[in-house]
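So the chains spell out like this:
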Amino acid sequence: MKIALLSDIHANRQALDACLTHARAHGTEQFALLGDLVGYGGEPVAVVEQVRDLAQQGALCVLGNHDAMALAPPANPRNRSELGAQWTHDQLGNSHIAFLQSLPLTARLGSSALLVHASADMPAQWRYVEDSNAAERSMTAAQGIDPAIRYVFCGHVHEQVLYFLTPTAKLMRFAPEPGVPVPVPTHRQWLGIVGSVGQPRDGDARAMYALFDDTAKQITFYRVPYDHLAAAAAIRAAGLPGFYADRLEKGQ
Amino acid sequence: MKLLEPGTEIDGFRVVDCIHAGGMAHIYAVEYAQADRSPGFAMAMKIPRMTAGDGAENIVSFEVELQILPVLSGPHVPRFVAAGDLVRLPYLVMEYIPGQTLQHWLDAPGHCDIPTITRLGAATAHAAHSLHQQNVCHLDLKPANVLIKDDGTAVLLDFGLSCHAHYPDLLAEEMRQAVGSPAWIAPEQVVGVRGDPRSDIFAIGVMLYELATGELPFGAPTTSGGMRQRLWMTPAPPRKHRADIPPWLQEVILRCLEPEAASRYPSAAHLAFDLSNPEQVLVTERGERTERTPLRTHLRRWLRAAGMHYTPSPLPSQQIEDTPILMVAVPHADVTDATLYSLRQAVGRSLGIRPGARLACVTVVSPGASSTSDSERSETTLHRQHMARLRQWAQGLDLTGHAVSYHVLEASDVAQALVRYAASNHVSMMILGAATHGLQTQRFFATVPMRVARDAPCTVILVKQALPFEQLAQPTAD
Chain A
1 MKIALLSDIH ANRQALDACL THARAHGTEQ FALLGDLVGY GGEPVAVVEQ
51 VRDLAQQGAL CVLGNHDAMA LAPPANPRNR SELGAQWTHD QLGNSHIAFL
101 QSLPLTARLG SSALLVHASA DMPAQWRYVE DSNAAERSMT AAQGIDPAIR
151 YVFCGHVHEQ VLYFLTPTAK LMRFAPEPGV PVPVPTHRQW LGIVGSVGQP
201 RDGDARAMYA LFDDTAKQIT FYRVPYDHLA AAAAIRAAGL PGFYADRLEK
251 GQ
Chain B
1001 MKLLEPGTEI DGFRVVDCIH AGGMAHIYAV EYAQADRSPG FAMAMKIPRM
1051 TAGDGAENIV SFEVELQILP VLSGPHVPRF VAAGDLVRLP YLVMEYIPGQ
1101 TLQHWLDAPG HCDIPTITRL GAATAHAAHS LHQQNVCHLD LKPANVLIKD
1151 DGTAVLLDFG LSCHAHYPDL LAEEMRQAVG SPAWIAPEQV VGVRGDPRSD
1201 IFAIGVMLYE LATGELPFGA PTTSGGMRQR LWMTPAPPRK HRADIPPWLQ
1251 EVILRCLEPE AASRYPSAAH LAFDLSNPEQ VLVTERGERT ERTPLRTHLR
1301 RWLRAAGMHY TPSPLPSQQI EDTPILMVAV PHADVTDATL YSLRQAVGRS
1351 LGIRPGARLA CVTVVSPGAS STSDSERSET TLHRQHMARL RQWAQGLDLT
1401 GHAVSYHVLE ASDVAQALVR YAASNHVSMM ILGAATHGLQ TQRFFATVPM
1451 RVARDAPCTV ILVKQALPFE QLAQPTAD
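For the record, the sequence lines run as chains A and B. Residues 1 to 252 (my numbering) are what the first sequence spells out, left to right. Residues 1001 to 1478 (my numbering) are what the second sequence spells out, left to right.
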């Protein structure tokens, strides 16, 4: 079965639409959303509703730090992100809030994979998996939940990386080439960071997601072009800081 | 590990016989257990030795082969059939290809003759290039892993130490201390660089040296110090071992064996090209020498090599792209100076943006043009005339840093000759005139440029002629 792994949508409806269309065209049978549905972007309601529909049809979804922040915006915002959380909170209706509140911190995809927004090592701390050591802590924590777990899929750091366990119990970092299916056999352990659908920051404006095939044991990381100018326009129309719109146009 | 008895069945395959019991794996001839089932070719099953006492690198290298073999294609690798689960029952079933490995020629008494060495080397280089085009470096080329089929083409075996540029390198960690076959391993592999296609070119150089002299250029070192020797040492020139080795062949071999990857052939296609065109090899002091490199040179290189360490390698396909073989079809009949000028301009521009490119200037002559009775029109005289014209044409080009060669092909079908030449020499780009080569007949037949553009296995640039020169001389109306 092919499972599309989408993370860090950040209220970017256009990017989500493009990735869903791309994933369906590539034979996706199941969707998994790895958190941060909202934050930064101009259309939180549309995105939450679309994800809620997917969830009703069987998609898995976990909570991200921006989702948590939108549920309980800080009373005294200290920065742009926290200020944005209040704006997002104000946009959402009761049903949207209820949906986000229902999301778990982790979810199991079959018996062999664990889904989490950031690190499986204390998920609510939203630790960044930025290097091999952090990946190792996340993988060890996942093994603590269930030794049968071979795959941890996450987002949060907005880049596409695949870590793999070597015989000397070290995790090695690998930068995947978009579009190339990479074999991920189950006798090793793998930690896949799927990148960000709605907030790419590596100078490439295209959306990111990954497609995991649990039969063929392969994962393919994709970059998908989408109407980023429309997404930027939506941010400006919502009256949010222009910085967020500029950023989408540059992919930075 | 115990040998499997003939008749043993594994996942629908029946063991016929053990073909090879090696240190790393056992190889069996197998067939489908189901009587009416056949893949249309003979099959071999490879089972890695994984019992206690066999090294962990055995398992990882089997895993690497399992990762890479299924995605390889083309005539230079065995076809993949099936694989067993690594944890339950590891095995690989692939096409069994009849033929002789290069070891066969090394084991034969006496030296190989020069044409045989050239032929085997070119076949191996073609096979390596096909692998590099798929973004894979073999990294363990040695006589036992190069199989020559009855048709003379080569098939590469054993991808256990290979590296796929787009896959996680499972051996990256282990390979920091070089694992491989000490006699053939390239200097950069000794210091842990994996994934440079020019490492394979080095290994082919070692095999050519062996075929030519019966000796290993760096021996078979057993210590890491012995392995590091190749970081700075130039081996004894083959001609010191065997006087009848032509300078051009020594030039080719020693260029493959240069300690620095950048000094070797930039791609296996360039190596195959030289082996297929001996008369066009530019022979330097490297090809002529019969004595070893002086000690002081080695000392200087040794000091430099002491600091050599891991650096990332270029993508194999990128390396090929960066150093293409360009081909220009230069017409010899019905052609204006303006056309020749435009062609030269186009070639100059293309070479200018590709610093490592080599250029093959090709002209096609009709087999009917020569005469056996008229000495003025004898085959060799005509050939020489055409060669001279090609050289003259190329004189206007800045060829600094570019290898260049000239070829007169004899064929009645010009387009077919050009396309075949491009295919057999891994040409990356062909440049030809848009309205030359068969101008008069274009109303009746598909023109040569159109057929070439359609059938060529590479990019084709059709050059339109500049303003005819006679018009340039006309006074402008004022």
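Among the hints, erroneous ones may be present.
To be verified - Listing some non-contacts, in silico: residues in chain A with all C-beta distances to chain B over 10 Å:
hint, residue
1, Gln57
2, Arg127
3, Thr166
4, Pro185
5, His187
6, Glu249
7, Gly251
Unchecked claim - Ranges between beta-carbon positions, derived for each pair:
hint, chain 1, residue 1, chain 2, residue 2, range
8, A, Ile145, B, Gly1074, 43 to 49 Å
9, B, Gly1040, A, Ser132, 43 to 49 Å
10, A, Ile145, B, Asp1011, 29 to 35 Å
As the list claims (entries may be wrong) - If the Cβ cut is set under 8 Å, some of the chain A residues that face chain B in the computed set are:
hint, residue
11, Tyr128
12, Val161
13, Leu162
14, Ala238
15, Leu240
Simulated from the structure, these hints should not be mistaken for laboratory data. Predicted, not measured: the structure shown is a model, and the values here were computed from it. Glycine included, C-beta positions come from ideal geometry on N, C-alpha and C.
Results of checking the hints against the structure:
no.: 1; hint: Gln57; result: holds, 33 Å
no.: 2; hint: Arg127; result: holds, 23 Å
no.: 3; hint: Thr166; result: violated, 5 Å
no.: 4; hint: Pro185; result: violated, 7 Å
no.: 5; hint: His187; result: violated, 5 Å
no.: 6; hint: Glu249; result: holds, 29 Å
no.: 7; hint: Gly251; result: holds, 22 Å
no.: 8; hint: A:Ile145 to B:Gly1074: 43 to 49 Å; result: holds, 45 Å
no.: 9; hint: B:Gly1040 to A:Ser132: 43 to 49 Å; result: holds, 46 Å
no.: 10; hint: A:Ile145 to B:Asp1011: 29 to 35 Å; result: holds, 33 Å
no.: 11; hint: Tyr128; result: violated, 21 Å
no.: 12; hint: Val161; result: violated, 11 Å
no.: 13; hint: Leu162; result: holds, 6 Å
no.: 14; hint: Ala238; result: violated, 40 Å
no.: 15; hint: Leu240; result: violated, 38 Å
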